[in-house]
Amino acid sequence: MSDDTSATDAAQSEEEGAPSGHDDNAGAGIRFGAIVEESLGDTVLHASVEQYLHTATAAHADGFALLVDLTAVDFLTYAGTRTLPDAVSAERFEVVTSLFNPQRRERIRIRVQVSAADAAVASMFDLWPGSELLEREVYDLFGIEFTDHPDMCRVLMPDDWVGHPLRKDYAVSSIPVQFKAASNIR
Amino acid sequence: MRVPGVGDTGEILDDGLGGLEHNFVTGSVENLVQWARSRSLWPATFGLACCAIEMMASGTAHYDLSRYGMEVFRASPRQADLMIVAGRVSQKMAPVLRQVYDQMMEPKWVISMGVCASSGGMFNNYAIVQGVDQIVPVDVYAPGCPPGPETLMHAIFTLHEQIQTGELVKRREASGGGAALMIEQRDGQTAGSSIGS
Amino acid sequence: MSTVEHDTADADAAEMATGHSVSRVHRRGDDSAVLRMSEAEAAQIGNDPSTYDDDERVLLNMGPSHPSTHGVLRLMLEMEGETVRRSKPVVGYLHTGMEKQAEQLTYLQGCTNVTRMDYASPLFTELAFSLATEKLLGIEVPERATWIRMLMCELNRMASHLLFMATNGMDLGAVGMMIYGWREREEVLRFLEKVTGLRMNHNYIRPGGVAADMHDGWEADIERLLELIPPRLEEYDILMTGQPIWRERLQGVGALNADEALALSATGPILRSTGFAWDLRRDDPYLAYPEVDFDVIVGSYGDCYDRYAIRLNEIRESMWIVEQILDNMPSGDYRVQDKKVTPPPRVRIDQSMEALIHHFKIFTEGYKVPEGETYAAVESPRGELGVYMVSDGTSKPYRMHVRGPSFINVQTMPHLMQNGLIADGVAIISSIDPIMGEVDR
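Protein chains in written order, with this note's numbering: chain Z, 1 to 186; chain Y, 1001 to 1197; chain H, 2001 to 2441.
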């Protein structure tokens, strides 16, 4: 396994995606209308919020029948440098949708930049009903809403919980622990 | 006939009221009640997480809680005496825990099994209640992550002894809540034995 | 054993079932099997019955504290008599904030955290976490470490499926099965304790390899295990598989077809029971699975009986894999010899200043992982277990998300339970085999 990370790759080039020729727009580095990037051997598609549903629909039509995972990342306190393809502008949140094509045994990941001010993206429920609980979890823990979701409510935290725990500005809320042998209280 | 704890009884005599010294057991009501209570504690099913798996393991054949009258885990809190809080208690589960505890009939006891139940364990964060003693009074704290069946049984025996001698009631009165007994871990005793033995 | 087919390792796995409707899983409204009603609305019904149109239907709450031994799952059931019409699984009663906790722990400590997610098969989550970290680090794990990982994971799969056998039996009334299943599981756990030091939540598979090498005499122990378990699996066949009551309880109950399972993102035995032969060990291999021979067990009807039979046979397949590992275990290092990642042996700490410093830095600050994001997946006993990790170049993960198969498999529950009796509901929950630690994280 080489030591190359996605950081160096992304800054330099946008590579062709997976072996198949199913491209929505002809042209290097675009697939299903999203910009393609290589990340440690995985194929990543960068879609904008407006483009997201279109990209997902095209992928679904292309045989990506299994929605593997749908999660989000909050880049508020990111210590490194975010290297995204030039046409993609970094926002605070990123919604990451992993898809799988069983016939070609191919995995792709769609990353959507979501701004904090307007934290909403399209729901994948109509394409993959299995996204229902995953999107509820993202809403619960990050506060990102999914438009047209059949049941947009909290799933892990109690219904009356205030705040979205996995956001970086939400504290871990650990309590100070006093050790018996300690002379001063921590 | 040899009776454990009593000694050699010679032959069994069938002389009814005529043999009052050897046909009756006497004791104070308190002693008898404590003896009966400690020998027939029925646990309520309150297995939450990993500790629940070890709790189930102690109920099954290898460790066998049945020899102590305890393999009947009652689903209904009305029929249970002992609540073994086995696992981490999340914010959403806390009211449920309290409700089940309230539904149990007196006398009732609580064993806090594992570090998550005793103090929040390794999860010192927004989601986990840092010790069930914030919700229910705890009588025995059993450490471990998870405590093996041996440690759980050590906790149970400690509780049995304390019930039997009446110590538990005294400790509860002193603390105003649970008896708060802390035990040490007793795991790893079968580690050297061979497979299939 | 009529409904189970063996799909051999070189058959093409990707044929999708055709001609079945998927519409029932796509429904959004009152015609859906999923009861999309909030707590507040449900409480309202109790106060004012006229708000609820249907006279025949009753809302019943099952859980979160109930005797089915599947942890703290709560189900809101809309019943018509004994029949379940719609249902809503309510989860979150075991939410531990593990993903947030992972951001506070170093990569070396991370395994202690993730191992407690799926507590019936903890080594799998440790493995997925370690694979993701190793991808980000760009290191390669030695061959022996890979084979040890494979051995331990297959043993863990056996232990988890034996747990399933036990709890499935008990849920359906075969209480003796609980005792038998645990009896076998204890033997496997005893081996795991000898190797890792713990019966559960081992923290054994770490980024870079494993924590310690196998103990002397492990081969004899494995041989003893492999001798002991098959006759006992035969006992299960007598007690359950061929038995008419068991078949009545499970056959035809909770049936699903392959398209629906894929649409709901179900993986693992649920997907395989529908006839879709999908197993990551063969179809997206990791570790050294291409070098061992095993069958992927597939069902035909997608019902609870198929799922039971699949898991029973997966125990046999795992034993076969373990036997092959026993014959082919390579010698070598049990962890990567990269000083920045692997702590030095304790002896070296007295001899070398550098080793002392490395030890100190690794255990206090942790090793820094280069920036990047990646996803690594393994086939756990419940399905595809994946870890999505984002690193920002520091010694703690920036974001660690675990794709828990049970969380996603729980979504199939309302669809499987619809129009079945509530007793079948218990059988269905049991056949999905959710582990709530993984559902709620």
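The hints are simulated quantities; they were obtained by calculation from the structure and are not laboratory data.
Hints may be right or wrong, so weigh each one.
[As the list claims (entries may be wrong)] In silico lysine-lysine, BS3-like type, Cα no more than 27 Å apart, as pairs: (1) H:K2361 - H:K2340; (2) H:K2396 - H:K2361; (3) H:K2368 - H:K2339; (4) H:K2339 - H:K2361; (5) H:K2194 - Z:K168; (6) H:K2339 - H:K2396; (7) H:K2396 - Z:K168; (8) H:K2339 - Z:K168; (9) H:K2368 - H:K2396.
[What the hints assert, rightly or not] What follows is a list of derived Cβ distance ranges for each label pair: (10) H:Q2104 - Z:R104: 49 to 57 Å; (11) Y:P1095 - H:A2288: 46 to 54 Å; (12) H:M2353 - Y:G1177: 47 to 55 Å; (13) H:P2067 - Y:T1165: 43 to 51 Å; (14) Y:S1194 - Z:V172: 38 to 46 Å; (15) Y:A1075 - Z:T77: 33 to 41 Å; (16) H:G2138 - Z:D148: 38 to 46 Å; (17) H:I2045 - Y:R1171: 44 to 52 Å; (18) Y:R1171 - Z:S174: 25 to 33 Å; (19) Y:R1098 - H:A2042: 30 to 38 Å; (20) Y:E1184 - Z:D148: 55 to 63 Å; (21) H:A2042 - Z:R105: 37 to 45 Å; (22) Y:P1095 - H:Q2243: 50 to 58 Å; (23) H:R2224 - Y:A1075: 31 to 39 Å.
All C-beta atoms, glycine included, are put in the ideal place defined by N, C-alpha and C.
These are the hints, each one checked on the structure:
1. Restraint check: the Cα-Cα separation between K2361 (chain H) and K2340 (chain H) comes to about 9 Å, which is no more than 27 Å; the hinted pair holds.
2. Under the criterion of a C-alpha separation no larger than 27 Å, the hint pairing K2396 (chain H) with K2361 (chain H) is consistent with the structure, at around 13 Å.
3. Only pairs whose Cα atoms come within 27 Å are accepted, and K2368 (chain H) paired with K2339 (chain H) is accepted, the gap being roughly 12 Å.
4. The suggested pairing of K2339 (chain H) with K2361 (chain H) holds, with an alpha-carbon distance near 11 Å, which does not exceed 27 Å.
5. Under the criterion of a C-alpha separation no larger than 27 Å, the hint pairing K2194 (chain H) with K168 (chain Z) is inconsistent with the structure, at around 41 Å.
6. A threshold of 27 Å between alpha carbons decides the hint, and for K2339 (chain H) with K2396 (chain H) the separation of about 18 Å falls inside it, so the pair holds.
7. Restraint check: the Cα-Cα separation between K2396 (chain H) and K168 (chain Z) comes to about 14 Å, which is no more than 27 Å; the hinted pair holds.
8. A hinted pair counts as satisfied when its Cα atoms are at most 27 Å apart, and K2339 (chain H) with K168 (chain Z) does not qualify at roughly 32 Å.
9. Our distance criterion of 27 Å between C-alpha atoms is met by K2368 (chain H) and K2396 (chain H), whose separation comes to about 8 Å.
10. At about 39 Å, the beta-carbon gap between Q2104 (chain H) and R104 (chain Z) misses the expected band of 49 to 57 Å.
11. Restraint check, P1095 (chain Y) to A2288 (chain H): a C-beta distance of roughly 48 Å satisfies the suggested window 46 to 54 Å.
12. Restraint check, M2353 (chain H) to G1177 (chain Y): a C-beta distance of roughly 52 Å satisfies the suggested window 47 to 55 Å.
13. At roughly 33 Å, the beta-carbon separation of P2067 (chain H) and T1165 (chain Y) lies outside the given 43 to 51 Å, and the hint is violated.
14. Take S1194 (chain Y) and V172 (chain Z): their Cβ atoms lie about 44 Å apart, and the range 38 to 46 Å holds.
15. At roughly 46 Å, the beta carbons of A1075 (chain Y) and T77 (chain Z) sit outside the given window of 33 to 41 Å.
16. A beta carbon spacing of about 41 Å between G2138 (chain H) and D148 (chain Z) agrees with the range 38 to 46 Å that was offered as a hint.
17. Restraint check, I2045 (chain H) to R1171 (chain Y): a C-beta distance of roughly 46 Å satisfies the suggested window 44 to 52 Å.
18. With their beta carbons about 30 Å apart, R1171 (chain Y) and S174 (chain Z) fall inside the hinted range of 25 to 33 Å.
19. Restraint check, R1098 (chain Y) to A2042 (chain H): a C-beta distance of roughly 21 Å breaks the suggested window 30 to 38 Å.
20. For E1184 (chain Y) and D148 (chain Z), the Cβ-Cβ distance of about 56 Å falls inside the hinted range of 55 to 63 Å, so the restraint holds.
21. For A2042 (chain H) and R105 (chain Z), the hinted distance range of 37 to 45 Å is satisfied, since their beta carbons lie about 43 Å from each other.
22. With their beta carbons about 42 Å apart, P1095 (chain Y) and Q2243 (chain H) fall outside the hinted range of 50 to 58 Å.
23. Look at R2224 (chain H) against A1075 (chain Y): about 37 Å separates their beta carbons, and that is inside 31 to 39 Å.
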